[in-house]
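Student: Residue numbers (my numbering), protein chains in the order written: chain A, 14 to 772; chain B, 733 to 1038; chain C, 1012 to 1178.
Keep in mind the hints are simulated off the structure, nothing from the lab.
One should not assume that every hint holds.
Here are the simulated SDA-like cross-link-like pairs (lysine to any residue), alpha carbons at most 25 Å apart as the crow flies [as the list claims (entries may be wrong)]: (1) LYS34(A) / ALA1161(C); (2) LYS1133(C) / VAL1062(C); (3) LYS1133(C) / THR704(A); (4) LYS570(A) / THR704(A); (5) LYS454(A) / GLU1141(C); (6) LYS441(A) / ILE218(A); (7) LYS1133(C) / ALA985(B); (8) LYS454(A) / LYS175(A); (9) LYS450(A) / GLY1038(B); (10) LYS167(A) / HIS184(A); (11) LYS454(A) / ALA1033(B); (12) LYS450(A) / ALA759(A); (13) LYS450(A) / ALA1033(B); (14) LYS450(A) / ALA985(B); (15) LYS175(A) / ALA759(A); (16) LYS454(A) / THR833(B); (17) LYS175(A) / THR356(A).
Residues of chain C clear of chain B, computed beta-carbon distances all greater than 12 Å [stated by the list, open to error]: (18) VAL1018; (19) PHE1041; (20) ALA1077; (21) GLY1087; (22) ASN1092; (23) ALA1093; (24) GLU1136.
Note that beta-carbon positions come from the ideal geometry of N, C-alpha and C, so glycine has one too.
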Amino acid sequence: MRNERPGGSNLRQRALRVVGKNVLRHEGFGKLTGRARYVADLDVPGAWWGVTVRAPHARARLLEIRRDPSFEWGGAVVVTADDLARFGRTNIVALIGEDQPFLVAGLAEHPEEAVALVAAPTREAAERAAAHLEARYEELPSELDFERATTTFKKYEIHKGKLVRAFPLAHHIVTGTYRSGHQEQAYIENNGVVAFPPDPARGGIREVRGSMQCPFYIVAALARLFGEPRERMRVVQSTTGGGFGGKEEFPSMIAGHAALLAEACGRPVRMLYDRAEDMAATTKRHPARVTHRTALDRQGRILGMEIDVLLDGGAYSTLSPVVLSRAVLHAAGPYACDNLRITGRVVKTNTPPNGAFRGFGVPQVAFALERHLDRVAAHIGIDPVELRRRNLLEDGGTTATGQAVSDAGASRQALDAVLARSKWAATKRAHAAWNRKNTGKRRGLGLACYFHGTGFTGNGEIELASVAAVELLARGFVRVRTSSTEIGQGTRTVFAQIVAETLGLPYERVETFDPDTALVPDSGPTVASRTVAIVGRIVADAARALDRALAAQAGRKPGEPWAAREFERVGAAYLAAGGDPFFCARFSNPSRQEFDDVRYVGDAYAAYAWAATVVEVEVDLASFEVSVRRVTSAQEIGRAIHPRLAEGQLEGGLAQALGWGLFEEVVMRGGRMANGQLTNYVLPTAIDIPTIDLVLLERPYQHGPFGAKGIGELPMDGGAPAAVNAIADALAIDLDRIPATPERIALAWGAKAAAETSA
Amino acid sequence: MRGDSSTFEVVRPRGLAEALAELADPDRPMPLAGGTDLFVLLNDGRAPARRYLDLTLLDELRGIESSSAGLRLGARTTYTDLRHSRAILRRAPILAEMAATIGAVAIQNRGTLGGSLGNASPASDPAPVLLALDATVELARREGRRVERRTLALSDFFTGYRATAARANELVTAVSIPASSLSGWRYAYRKVGARRAQAISKVVAAVGVSDPARSDRPRHPAAARIAFGSVAATTVRAGAAEGVLAGRRLDPAAAAEARAALVAHDIRPIDDLRSSADYRTLVAGRILVTLLADLGGFSAADLLAG
Amino acid sequence: MRLRLEVNGRRRSADVPPMKRLLDVLREDFALTGTKEGCGEGECGACAVLVDGALVNSCLVAACQAAGTKIRTVEGLADGNAGATGLHPIQQAFWERGGAQCGICTPGMLMAAAALLATNAKPTEFEIREALAGNLCRCTGYVKIVEAVAAAARAKPSQRRTGRDAG
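Pulled out of the complex, with its shape left as it was, chain A reads as follows:
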């Protein structure tokens, strides 16, 4: 369903020829034939293997690392924090807080923290050598419970209106506390890199290849580590088997480790985590506790909201401040509320650092809010749909930071669309009748409404000032040069479509490649639902610069589609005349976004995408197993550049959300993930998830390429609360924690039965 056509100043009025079409993917062929080279597939002659020795305790002082004198050390190299100090390396992983070391120096702050690195000609030899390193520790008291933790990494407060006026006027005040656990990204390709030693023949260039989302993050981290200019670091993405945020900041760590070992042994070094190491040592979604206190009038209109968000940051701050920022900015949801106070805090625990994961703080607050609204509806006795309808934003309504959003009414369109497509009312009636038959199973329906801001928060995009380029090639071809990575979402395909459409060229005339920082400008990281909407716009701007140059060469008006042959002829003439083949564009803040990042007031995001999701479940009363019968979702995404790829993002995100809501539980013992195997960490399989029925809504974003908004994270935000609301509906129970495993559902059922007996 596409209900609107693009409009606005930067959008072409002519019919689109490439954008909006399901062209064959650029990245398709190699992945289907086994020819695509992931990092583990790279043939690197002479490469050694690197392994990591990790701390066993939640918190401890590292006293000594002793090499077994009876072991033959000649065939291995070892790197410790002492070596970094000795060679003048900076033992800090460059990011926001600058508190995390590459290797433990003194204090080990979490289990699985890297203590020493070992490389040897084979993996077996490296493992053997590592087993002969003996690290001694003095165990120290640790903090594992984030709800009791006292060390704060970051705090935020958002104020709007006057909360003290709202609550005295309230007809209803409803409170609730909602908790969610870790989630493992569980990309099927684990983290891994190959690092090469500095090459004197090339001015001491250090090269790293591997699985990653953000090549220039690694450049910055290596430059900091080695105290050398960024230009000396070359980072090349290999085909990457999924990221979901898990390859945003962590690759800087493993790349630094491998680069240190490569320098130490003078050879390329491969570090490929296996599943157990990846699950144990790398980042996960932040556990959260969110409390709500909501004031409503007699009709169920929200008068005031008081929301507190607490996140478990793990042992180092890493990206936690920005995860918390996005969490508090989305905590009030797509609802109109004139009086609110949102407070947020992320604290330190002695567990591996939590980090980026699709949604970036929003799934936690969306779960809390959407579950809370169902509880509010039950409390005041109105229909949950009606409660949301009375409070969703209208076009031009203001968010928590007072940002007036011209298309905020899309949240209502999404709600209407999903109710119609899921036949909400009729299904409700059918469920009531079915449940009365008392078959040993119960059916329920749940809803969630949510939104997600496109791109970096606040002034982030202005500060990033990302650059993208297109290059005019011989024979009428154009090549896109960006650092945005293809990690499954179809980056290269979509950029090729944007350039082809901008120039009016056939899609086949545009070439793309996986980023190599020696060959591409810094387009910023591949995160924050920014690749298409933000970087894609810059790519289009670069293509327009090319168009203007060639139009001038040909003496014609810019902005008109090129015939391929004419483009080839004019391009050849331009290049023959010595014209520069590279056309760069820089982020220009097209939406005139303004944000006060001290008071947290203003335009938090350039644009928002909106969604509503309905999940239908059947719960078995014998086992409390949940069967998801149907998922229906309406997602307003501005414009689908490649509808099939867009659907793939939305379906995949919803599946991850259902996994988080129903199945995926990280069991922590002593600060360590105890179920770090795919046998015991339960990802949904093909028979655990039904077909997902999508309604794509398109209200073009004026400043996105051809109207596109960011969509990568949106679907992750609302699937879990919709599913949990459905379970609560089916069994008439209250659930305030995810994952809603059968164990938790059974407890809630037992509590209800006990209450009914005593009543």
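Given chain A's structure and the hints, the job is docking chains B and C onto it.
Tutor: Chains B and C alone, transformed into the frame defined by chain A:
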């Protein structure tokens, strides 16, 4: 893979006698069939042995024989074999139903009945079904030049957590189901895992009830056989629950009593990574009720309401 | 041991430790890196290949157990069964319908789908989902994979489908 595969040795006998001779040696290798459990350990660097006895070439351990005596399933019978065997589908479809709940296709193609029994995991899915079918295990060993075989009731086979009555020099060669279990009995099976495929059971159960027509009193089964997995150190027969049902009409009242007996006497679940003791206790009782309801033709809904 | 077997229709041999995983033999000794390792515990199916036509997880198979068998990997999937683009109908359907995103589960998924369609030419949606249930995908939510397998099943008899946009 953690560890070094070049440090392992494999013996690949071509016949049973040769295989058993290897097991007769005090420095005996560990049997390896489908590898679906062993390689999980090897990949994790937790090799249980350095020498392995690969059974791949032992065709004597393959095959499903159907006769008037019952069914004899070679130890190397895979779950895929069970799902597609006509004899199984006709005479013991509960085994095919169980096999479909193991892992997924690739695991069903490799995993074997003998491997599962030899491992004696308390979470085994075939074990409760075979217990309900009153199966026997055939064990073979080498005595000098002779191959000696003995047969054990499966209920005597599991002796403790991952421990069996098989001696170190014995190999599981077959599982047999007596004809008496294959007619005049009806069976029901239920696995509760964390997801619908690729799941290790949190609770698994099989129930058999004998045909009431063979009982003295119409509609009253003469006997019931109930077995549970993942609720104790071994797969267990639920003797107390069976006792409640013996000779009793299968109705909601009997089911409720059987559930109470099961929970009080037959199972001792624990908390582990996959579930909790409380959940297992609750759900073991509730699935027993549903299985009895299926077999007895009554509704379990009222028993599940609380 | 001297391992002899047939891989994608070619006789191959290698000197390998008998307990080396078939997965490592394929990747290291025969340089067939299309078969992936995702978990090393038989859970994810990224390493799935066909051994004598049966789907197996190659991380759970000892090299010695593969002696004398016929192996098919993703690299040989299209052999003798390729359309105009050089792809097997299942690969073609995955390409056209978005069945592959990051691609790391794709080789195993394709082999599982091939195993299914070899024995069941017209699978139902549930049969497709059950056949793929041993292959974890974190990108797609399985929707487009299931659609692609269904489309390949429909296209199979004619095998005339070419690479043009199916959208």
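Student: Hint by hint, where does the structure go against what was stated? Just the numbers, ascending.
Tutor: 4, 6, 7, 8, 10, 15, 20
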